[in-house]
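A.B. asks: Protein sequences, first through last, are from chains A and B.
Numbering of the first sequence is given in this note's numbering, commencing with residue 1 and proceeding in unit increments.
Numbering of the second sequence is given in this note's numbering, commencing with residue 1 and proceeding in unit increments.
Don't read these hints as lab results, they were simulated from the structure.
The calculated lysine-lysine pairs, modelled on DSSO-like cross-linking and capped at a C-alpha distance of 30 Å, are:
(1) Lys183(B) to Lys122(A)
(2) Lys22(B) to Lys138(A)
(3) Lys113(A) to Lys183(B)
(4) Lys183(B) to Lys138(A)
(5) Lys193(A) to Lys113(A)
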Amino acid sequence: MRNFVELDNVDLRYGEEGDGTLALQNASMRVDDGEFVAVVGPSGCGKSTLMKVVTGLWPATRGGVIVSGREVDRPLSITGMAFQNPTLLPWRTTLDNVMLPLEIVQPHASKLKRERASYEAKARDLLALVGLSGFENKFPWQLSGGMQQRASICRALVHEPALLMLDEPFGALDMFTREELWLALQDLWLARKPTVILVTHDLREAVFLADRILVMSARPGRIVAERTVELARPRSLDMTYEPYAVGLIHELRDHISAARGIT
Amino acid sequence: MSEIAVPTITASRRRRSFSRNKVFRRLLPWLVIAAMFLFWEALVIGFRIEPFVLPAPSAVFAAAWQWHWLILENSWQTFMTTFIGFLFAIAFGLASGVAIGSSSLLYEGFYPALVGFNTIPKVAVVPILVIWFGIGTVPAIITAFLLSFFPILVNVATGIATVEPELQDVLRALGASRWQVIKKVGLPRSLPYFFASLKVAITVAFVGSIVAETVAGNKGIGNLMLVASSRFEVPLAFAGLLMTSVMGIAMYAVASAIEHRMTGWAMRSGQAISVQA
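Input sequences plus hints: build the corresponding full structure.
C.D. replies: The following block contains the structure:
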């Protein structure tokens, strides 16, 4: 399969005069089309920065970023993003929040007016898939944190992006809600197979969801290790407690401990 | 059984006392106003204050009735100049607030100058306006505008400039243009700020109109009060004062009602329905 995302020796330094923090140094990675990749690493290692570089929200200071065969020099419109906070717009209902990307991303934006009903049905289906039927017309403050996060994931998916960027989307949730959403996310991914890059600090989450796990070093971040997860799909939560997964988690932990030891 | 009976009794009792409470709360502002008038009346009678120093409310109301056409005519003039100035302030304040709030370049460039401009006492500007536009309606409109556009501008600019970067990222990650980000996030987010500023702006617009009418007017409540006090018709001056406060309160109420309709999402306290997953 061809490389969908390609980072070549990317540096990123914050600050306009080049005197800010060096967040990434010589970061290189490749992600195949339709692959689910998790990025783990010690806190503050530049995982979120990596996301911003891939999506073009921050231009790389040095090095090449290629997504879908094109050099990234501005924010991409083929991505869907979900963050640690749900970041729903408080003045919109859940349904309107989920439909937001359709108002911006082409070709949906120009078709939205004529085909509103079919788009709306699609958004409702998506909400139903994550268990939010009946909450379409509620405002974000009427939903619990977990429900808001689900809506935010629907928003990231509604325009069928080829690349889904998830920046610790379940980080602020309790374990039960988190596991529930892992399953929902796995179903969504199996149904459509978008390319996914998931940033997380939860190793069990990475093992459960990803095809491949990349380990980042402490700041300035770069990829120091890489492991393929040999677990059949669809996966069950129990699999993460089996010896293979536990061994993998231990190995990743050692990598991260080593990475933290560098600084 | 008693476990069921007890809550129903307390519930109905609570409901009854709550409704009484609600009526009482609605009446409370009027009761306060009435009490103030009574106190004022008692003060004037008790201390035998001369009517040309402080007329009793009864005398003020009598004067208001006696001169009601005169007062209404001048009130209309004041209301009209205030309202026109206010509308200009909304248009200008909104447009420049969006521009300054969404561009850090404009913000840094213009903001200090605007703050400097705002510290000029507007009374001092009125004589200059008279030189340019003569006496009458135009200086009053301009003064109302000058006083009221600044709070609108500052609030709209603040609302747009303080949009959470995360919300902006949501849109930018979709490839949204700058204008789309302003339209979808900046404007809706600044609406509560905008409406809050309207309540301030409408009251200071009245101040502007009346100041201009007092300094350089031939019509309006400000002018009426000036003429009345120079003729020692103090009750009439007070009646004019009362009228301006009635107009101010009415406009404030209108702005506040629109605010509640448009930005219900921002003031949800009391009616929040919390749902658990």
